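*Asks:* With the sequences and hints as input, model every part of the structure.
Sequences listed follow chains A and B, in order.
Position in the first sequence (first residue = 1) + 28 = my numbering.
Position in the second sequence (first residue = 1) + 28 = my numbering.
Hint data in this document are derived by calculation from the structure and do not stem from the laboratory.
All figures in this text were calculated on a predicted structure; none of them were measured in a lab.
Take every hint as true, because none was put in to throw you off.
Chain copies aren't distinguished; within one or between two, either way the pair holds.
Calculated cross-link-like contacts (lysine-lysine; reagent style DSSO-like; alpha-carbon spacing at most 27 Å):
| id | residue 1 | residue 2 |
| --- | --- | --- |
| 1 | 244 | 255 |
| 2 | 275 | 316 |
| 3 | 244 | 207 |
| 4 | 195 | 262 |
| 5 | 195 | 324 |
| 6 | 207 | 255 |
2 protein chains.
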Amino acid sequence: MLEPALRTHFTTESVAVEEKMNGYNTRVASINGQIVALTRGGHICPYTTEKAESLIPEKIFTDHPEWVLCGEMVGPDSPYAPKETYGIESLQFFLFDIHEKKGGRPLTVAERQEVAEEYGIQSTRLFGTYPLNEAHHKIREIIQMLGASGQEGVVIKDPKMRDPPLKYTSSQSNCDDLKYAFTYYHDYARSFFYSRVMREAFQSVEWREGPAEIEKRSLQLGESILKPMIQSIKRVQSGEKLVENVKIRVKSLKTSEKFKEHLRTLGIDAVFSDPVKIKDEYLIKIQKINHRTNDKTESILRGET
Amino acid sequence: MLEPALRTHFTTESVAVEEKMNGYNTRVASINGQIVALTRGGHICPYTTEKAESLIPEKIFTDHPEWVLCGEMVGPDSPYAPKETYGIESLQFFLFDIHEKKGGRPLTVAERQEVAEEYGIQSTRLFGTYPLNEAHHKIREIIQMLGASGQEGVVIKDPKMRDPPLKYTSSQSNCDDLKYAFTYYHDYARSFFYSRVMREAFQSVEWREGPAEIEKRSLQLGESILKPMIQSIKRVQSGEKLVENVKIRVKSLKTSEKFKEHLRTLGIDAVFSDPVKIKDEYLIKIQKINHRTNDKTESILRGET
Numbered sequence: 029m030l031e032p033a034l035r036t037h038f039t040t041e042s043v044a045v046e047e048k049m050n051g052y053n054t055r056v057a058s059i060n061g062q063i064v065a066l067t068r069g070g071h072i073c074p075y076t077t078e079k080a081e082s083l084i085p086e087k088i089f090t091d092h093p094e095w096v097l098c099g100e101m102v103g104p105d106s107p108y109a110p111k112e113t114y115g116i117e118s119l120q121f122f123l124f125d126i127h128e129k130k131g132g133r134p135l136t137v138a139e140r141q142e143v144a145e146e147y148g149i150q151s152t153r154l155f156g157t158y159p160l161n162e163a164h165h166k167i168r169e170i171i172q173m174l175g176a177s178g179q180e181g182v183v184i185k186d187p188k189m190r191d192p193p194l195k196y197t198s199s200q201s202n203c204d205d206l207k208y209a210f211t212y213y214h215d216y217a218r219s220f221f222y223s224r225v226m227r228e229a230f231q232s233v234e235w236r237e238g239p240a241e242i243e244k245r246s247l248q249l250g251e252s253i254l255k256p257m258i259q260s261i262k263r264v265q266s267g268e269k270l271v272e273n274v275k276i277r278v279k280s281l282k283t284s285e286k287f288k289e290h291l292r293t294l295g296i297d298a299v300f301s302d303p304v305k306i307k308d309e310y311l312i313k314i315q316k317i318n319h320r321t322n323d324k325t326e327s328i329l330r331g332e333t
Numbered sequence: 029m030l031e032p033a034l035r036t037h038f039t040t041e042s043v044a045v046e047e048k049m050n051g052y053n054t055r056v057a058s059i060n061g062q063i064v065a066l067t068r069g070g071h072i073c074p075y076t077t078e079k080a081e082s083l084i085p086e087k088i089f090t091d092h093p094e095w096v097l098c099g100e101m102v103g104p105d106s107p108y109a110p111k112e113t114y115g116i117e118s119l120q121f122f123l124f125d126i127h128e129k130k131g132g133r134p135l136t137v138a139e140r141q142e143v144a145e146e147y148g149i150q151s152t153r154l155f156g157t158y159p160l161n162e163a164h165h166k167i168r169e170i171i172q173m174l175g176a177s178g179q180e181g182v183v184i185k186d187p188k189m190r191d192p193p194l195k196y197t198s199s200q201s202n203c204d205d206l207k208y209a210f211t212y213y214h215d216y217a218r219s220f221f222y223s224r225v226m227r228e229a230f231q232s233v234e235w236r237e238g239p240a241e242i243e244k245r246s247l248q249l250g251e252s253i254l255k256p257m258i259q260s261i262k263r264v265q266s267g268e269k270l271v272e273n274v275k276i277r278v279k280s281l282k283t284s285e286k287f288k289e290h291l292r293t294l295g296i297d298a299v300f301s302d303p304v305k306i307k308d309e310y311l312i313k314i315q316k317i318n319h320r321t322n323d324k325t326e327s328i329l330r331g332e333t
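*Replies:* Structure (structure tokens):
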């Protein structure tokens, strides 16, 4: 529930509302003078590291070797969360937080914005700073606007960054997550499902929805669950393999090799296609295979119970 | 998937199709000359035992002390799964299987039907026995008919009871289960959800549903999830406690005391109201409290995240 959560969570008089983008979380730091990018689970990702090297000027780390830059890697050439929504050509880094390696002290929202400008780093969009007791109205407006254009949600921050940030997502984004999860239902659905549905129910109550709005929300929820499952079952039925198609764009084929090894380490089964040269880079299509859903669907279609 | 499952599962030429009723599973046996009724988890339930004593003639166990009678306890005076659907006044036992305590050898479907008639025990409804390769058509018809009247589904059996039975439920019943589970969402939803949704998706594919039917199914699914959650949140918001109201009807108040103790042993928190005398029995209302959902809802309404 947004309104009571704002009151309970923040000790400040106002909150900064920034866009929460749909990509993958990345932390970039300099280790022994080398830029490295860490993704979920704290793994160094060779692909994201190559991207970070060209997207983030080295100077920021020679000036501030103790900083960790946190941001969202967004765009179509994403091996984890490809998105066409933002009109990005390959992959872009959106800075949303800077803190110190040791102790973790964060820069304030204003300081981070200044740093981003100074070093020419893209920063996530700041919608504004609003008084705490009025913010929920404003956030609801923003969320509905973002949802309508298929975007994810907001992150609400103490401008001084002493209270931890809060995330709030659009219904559209909840449903998009569910569609993805239920396409590969036996791989992802269980862990994704519950929190998304909770958000839908509480948002509906908080927004005092009437029967027509609840019906609309129910249909969207039901379709986000059933349609991708039905489509996946039909694809397996017709002999297709369910795969997630992603792509990467690298300067060096070595990065692609290292990334292949990286996925193997993570236990992800992936087939890399031959690289296609585009200008001075290589585009490589990758098929990630979600075995659990393929196997489960095949076994049920064969008559197992 | 029904059609391939029938082929894979059964080694027989035909299958018997019986009604799967919506109550709670009960096994009745005689131990040291005393009738006892076991419910889920193999616990002896004092309430179900009292009911079994009056519903099942002792003679069956003096004639066949080695038998275990399996059946569904159905009706409104049910502490586990109260249902008004069947027009039963209090609680009725529907026999669906007889097997031997030792070794577990089952009677055939025909033998069980004869025994039920001989001893005057109610048996679950037998729709018919159908050739294996045509049964799925017939079962689909039965399922749709049952679903339309809010009933649960069928159990498909090898008439000789050598292959284990298969269960197949109506979409209506899946959605009813979800409605129940999402009313007490933080107690039950996670474990209920996934299998029910899988059944919906595979049934839709097997029945070759078009866009309009998928939309209808999606809406029903979405509403079965969201509406009960929204209602529960609103009830907690208005200061109510979420409780499950059930009732029992006993001949002896001792049974009620023993049953209270039984629920305590099972970890179920329940408030028993004062008994109301009806003819020679006592009706006792019971409120079962689903703490996890109450606590979770209250905490989110307070602003916890």
